[in-house]
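Undergrad: Each residue of the sequence shown is one higher than the one before, starting from 15 at the first, in the working numbering.
Hints may be right or wrong, so weigh each one.
Said to hold, decoys possible - Now the in silico label distances, taken between C-beta atoms and shown as ranges: (1) L129 with A109: 23 to 29 Å; (2) V28 with G56: 54 to 60 Å; (3) P69 with M49: 54 to 60 Å; (4) K117 with L77: 31 to 37 Å.
Stated by the list, open to error - Quick list of in silico lysine to aspartate or glutamate cross-link-like pairs, DMTMM-like style, CA-CA up to 20 Å: (5) K117 with E134; (6) K117 with D132; (7) K117 with D128; (8) K117 with D105.
Hints were generated in silico from the structure; no laboratory data involved.
Values in this document were obtained by computation on a predicted structure and should not be read as measured data.
Here a beta-carbon is modelled for each residue, glycine too, at the ideal position from N, C-alpha and C.
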Amino acid sequence: MNQHDPQDMEHDAVWQLVDQARPPGAGPTFVSNVMREIRLAGDAPGPWWKRLLAPVPLTAGALAAAAAVAIMVSVNMGSAPDSPLTDAGADAALADLASDLDKELLITAAENPDLFSDAELLAMLY
Numbered sequence: 015m016n017q018h019d020p021q022d023m024e025h026d027a028v029w030q031l032v033d034q035a036r037p038p039g040a041g042p043t044f045v046s047n048v049m050r051e052i053r054l055a056g057d058a059p060g061p062w063w064k065r066l067l068a069p070v071p072l073t074a075g076a077l078a079a080a081a082a083v084a085i086m087v088s089v090n091m092g093s094a095p096d097s098p099l100t101d102a103g104a105d106a107a108l109a110d111l112a113s114d115l116d117k118e119l120l121i122t123a124a125e126n127p128d129l130f131s132d133a134e135l136l137a138m139l140y
């Protein structure tokens, strides 16, 4: 490693610049700037969860929930009672769905019988 003579260090240009530099100090508007930042920090909003639990959002949320419940109750009261025809249509659609499922299972079993056990294959056929 290259060692320098202490005499050379005293005459180094960097140390001369450091000696000429003035010490840091507060500017003329330092106090007013700090006081302004303190005032502005006091006006900053709090965390989101504190704002969420404030009385105004809670009241608004409760009113919205009450309105939603009232709308749902009024819609359900105004609808006609279920007729037997509607239930028959649903039963027919459900029977068609079950039939389609059985057909798809049989097709899948025919294409790849390794997917099902012997008991499952017998249950599908009989």
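Undergrad: Of the hints given before, which are not true for this structure?
TA: Violated hints (numbers, rising): 2, 3 and 4; every other hint is consistent with the structure.
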